[in-house]
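*Asks:* So the sequence lines, in the order shown, correspond to chains A, B and C. Letter by letter, the first sequence follows residues 1 to 321 of our numbering. Letter by letter, the second sequence follows residues 1001 to 1291 of our numbering. Letter by letter, the third sequence follows residues 2001 to 2276 of our numbering.
Rather than coming from a laboratory, the hints here were simulated on the basis of the structure. Built from N, CA and C at the ideal position, the CB exists for glycine as well. Be a bit skeptical, because a hint or two may be false.
Unchecked claim - Below are the SDA-like pairs computed for lysine to any residue, each with C-alpha atoms no more than 20 Å apart in a straight line: (1) LYS2099/C / ALA1048/B; (2) LYS2099/C / LEU1052/B; (3) LYS2099/C / ASN1049/B; (4) LYS2099/C / ARG2109/C; (5) LYS180/A / GLY148/A; (6) LYS180/A / PHE137/A; (7) LYS180/A / ASP213/A; (8) LYS2099/C / ASP100/A; (9) LYS180/A / ALA135/A; (10) LYS2099/C / LEU2182/C; (11) LYS2099/C / GLY2187/C; (12) LYS180/A / ARG191/A; (13) LYS2099/C / LEU2271/C; (14) LYS2099/C / ALA2116/C; (15) LYS2099/C / GLN144/A; (16) LYS2099/C / ARG2265/C; (17) LYS2099/C / TRP99/A; (18) LYS180/A / ALA40/A.
Claimed, not checked - Derived DEER-like restraints, expressed as beta-carbon distance ranges: (19) ASN2089/C / LEU1131/B: 56 to 64 Å; (20) ARG22/A / SER1042/B: 38 to 46 Å; (21) THR26/A / PHE2154/C: 26 to 34 Å; (22) GLY174/A / ALA1048/B: 46 to 54 Å.
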Amino acid sequence: MSTIIETVGLTRRFTVREGLRRRVLTAVDELSVRIEPGEAVGYIGANGAGKSTTIKMLTGILVPTSGTVTTCGLRPVADRRRIARQVGVVFGQRSQLWWDLPLRESFRILAAIHALPGDVERARTAELVERLDMAEFLTVPVRQLSLGQRMRAEIAAALLHAPRLIILDEPTIGLDVLSKQRLREFLVEQRRSHGTTLLLTTHDMGDVERLCDRVLVIDHGRLVYDGDLAGLARASGAERVLAVVLAEPTPDLTDIPGARHLASEIRGLRQRLAFDAQASTAAQVFAAVAQRAEVLDFTVEEPDIEDVVRRIYARGPQYHL
Amino acid sequence: MVEVPAGKDIWRWGGEAHLPVRGDLRARLRPYRVVLASRARSQTAYRANFALDLVSSLLAAVVELAEIWVLFHAVTRLGGLEFQQMLLVFGLADLAFSLADLTFGHCDELSDYLRAGTLDVFYLRPQPLLLQLVTCDISLRRLARASVGVGALGAGLAVNDIAWGASSVALVVVALVSGVAMFAALFVWAAGAQFFLIDGAEMTNAVTYGGRYAATQPASVWSRPVRAVFGFAVPMAFTGFLPTLRLLGLPGPAWFPTWLGWCGPLAALWVWGMALLSWRWGVRHYRSGGG
Amino acid sequence: MAEPGVGFGPRATARVYWRLLRAGFRRQSAYRAAMLGGLAANTAFGLLKVAVLFATVRAAGGEVAGYDVGQMNAYIWISQGLLGALNLNGRSEMATRVKDGSVVVDFLRPLDVQAAEITIEVGRALFALISRAIPMLAIGAAIGMALPASAAAFPLGALSIVLGIVLSVASAYLVGVAGFWLVETRGIQICYMVMSGFLAGMFVPVALFPPFLRILAQATPFPAMMMYPVDVLGGHTDVAGMCGRLAAQVAWLAGIAALGQVLTRAGRRHLEVQGG
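So here's chain A without its partners, still in its complex pose (with noise of 0.2 Å):
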């Protein structure tokens, strides 16, 4: 099959008008990503960094001031109508479903929106709602369903035309622990058994973590980083952290190899050692700790997604690819 997304020096500048003065600010900057089909793609960056007007421009909501963009095989202004088609998006901040009518009405809309067969669309929605576990909210008008079961929804209706690809904005902000575990378990398997490309932009290293096999970063419009995540994390330098509970008071331990005191509580009985990602494992840490002290309890806290970022962009430009 043919590329999915393709763009080739993409580049959107807006005007920004400050009181009198205008000036120009390039949102997205000379940017060319192939993405095949089957990738889950995580897009990630600081709020701001140019995700949303990529997504816009992918979908045809928004021109390019310079540089091309395929979606599908076509050009999203043109034939905005066609990728419609072909494109699930999830927006997590505005919703395509209807608020004040029960959410299996809105799946009746979807369907007949997108001319789906009586015996397709039946189909369709009973495998959705088995999966994502709506039977018990589908009558329910979807102003009154909680962020969980909402987002849940909002990708059940995303996906009801069988697009080729779905693009999540932020689709686990503000989800419980649970919730976010079942619904990258659901982007997996729609994924493995139906080969949807993903293509995601998040906060949240986990997603990244369990759903991605491919990282983009983009900074100030610029891409600075393609690659898998294991190569995110080497790249940037970013430090695991390794947080033991001990049975007995412990001065500090700063001198376990690979490995940094960070900080001591209650007299170090609880005590933070950051490692590199790259240089030690944490079961190598682990031991090393174990020698010196009992250990009753541990938690390793992987490094925030923020600051993996922010090191990738502290070393600049020259990390491009």
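Since chain A is already given, all that's left is putting chains B and C on it; use the hints.
*Replies:* For chains B and C alone, kept in the frame of chain A given last:
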């Protein structure tokens, strides 16, 4: 368990395979019909609310008629017309406005849609944007408003001395249809302008609701600048006043010869031209990041 | 508007309300595009009113219900200028706050809820008055607006306008607090909006109404919001008439403010009983 139709992969991307063929209008209109039917059902679901909506909408139209009636309480003729003749002007113009308001009135909420991101969602659906906007809602409560227009028009047709024939019937129909089209176009024009104006609803209301107010006046009282604006630029005189002159065979004032009463369709074309241009510019502005 | 600023001295109380008034004024000044839009709308409607009402005066032989062309002109442009400042639509921030429950927070503040709400709204109205009335009066003056015969009309007119604005805000507040007992106040608000404009004399002066309608109008507070200030400032009445209209405004305001106070307290009790 999910029941899968035999011999069919329900998730195979259908693309455009199951799209209705070109000539099948019924199937092509189905998406719009389903949305509208659903909107109508949800509005009438809460009977008490809907009843109150109907009452307030009826009251609004009655008050507008009362504004004219009060003037004729003070004088017998205004701009050369008596009250019973004014009933015709009001009936034609207000009925046309009500029907356009019923179907296109929500277009002036576009600024809310822009803020809530509803328009971006329209972009993600495979229908033309303007058609989606127009058919995304319908305000059934405005049927109550239309009933006042029907009443006024019926009374006007009954009490006035009209030479009935094929041509007078045709004139009433042509006037109503082009009147609805003109007001509908005003709503679309205003929607296009909303792309440029933040909080601009009041400015565009000057055109839509100001247009309605102008349409229910005897255009003969207007000064020249007002005649230029509401007679021709935004040709409101073509909705009620000019067809009434023609229907009653009355002489027209300066700039408004009686035969213009037949020119509603031309006026409607003109307003639709402006409306589509405004919409096109608006969408282009939005797409280039100004929205 | 009794019991302002519970627990403050009079100076501190005055300062609090002065700040609220300024906050409202500033908030309104942020909407420049809306103001320009409002001006365009007011002017368009004004010119249409000129057309039809001048024709009425001429058809009646130069005077109708005590209005000649100059006075009709004054009526049109003063009323158009007041439109932006008056709340004739019955909408209020209070209605939203009652509906979404955030009014509970207001009750925790050491301020009288009704007085604070009205003060902010009046602040907004004053900005709208300044930005909208001056251009309208300029148009009126250019066309040939009648001036009042007595100089007393100016101070009395200014007072009357302020009373009309406060009255309109206080009445809209009543629609809002009705939400303590009603699930949906939108129906009331729309009926209020439809009736208030007509009965306040927005399209036709109340004096032109047939007698039964005039009596009906005067049985409501609406003419006191717009028609009376216009009468006082537009030279349509003598000094005694001006004082009579001012007295009527004060009486309406006292009644409506008292009713608002009673409803606010009852609403608060209602919330406490219902547990929010």
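*Asks:* Identify every previously stated hint that the structure contradicts and give their numbers, smallest first.
*Replies:* 19, 21, 22
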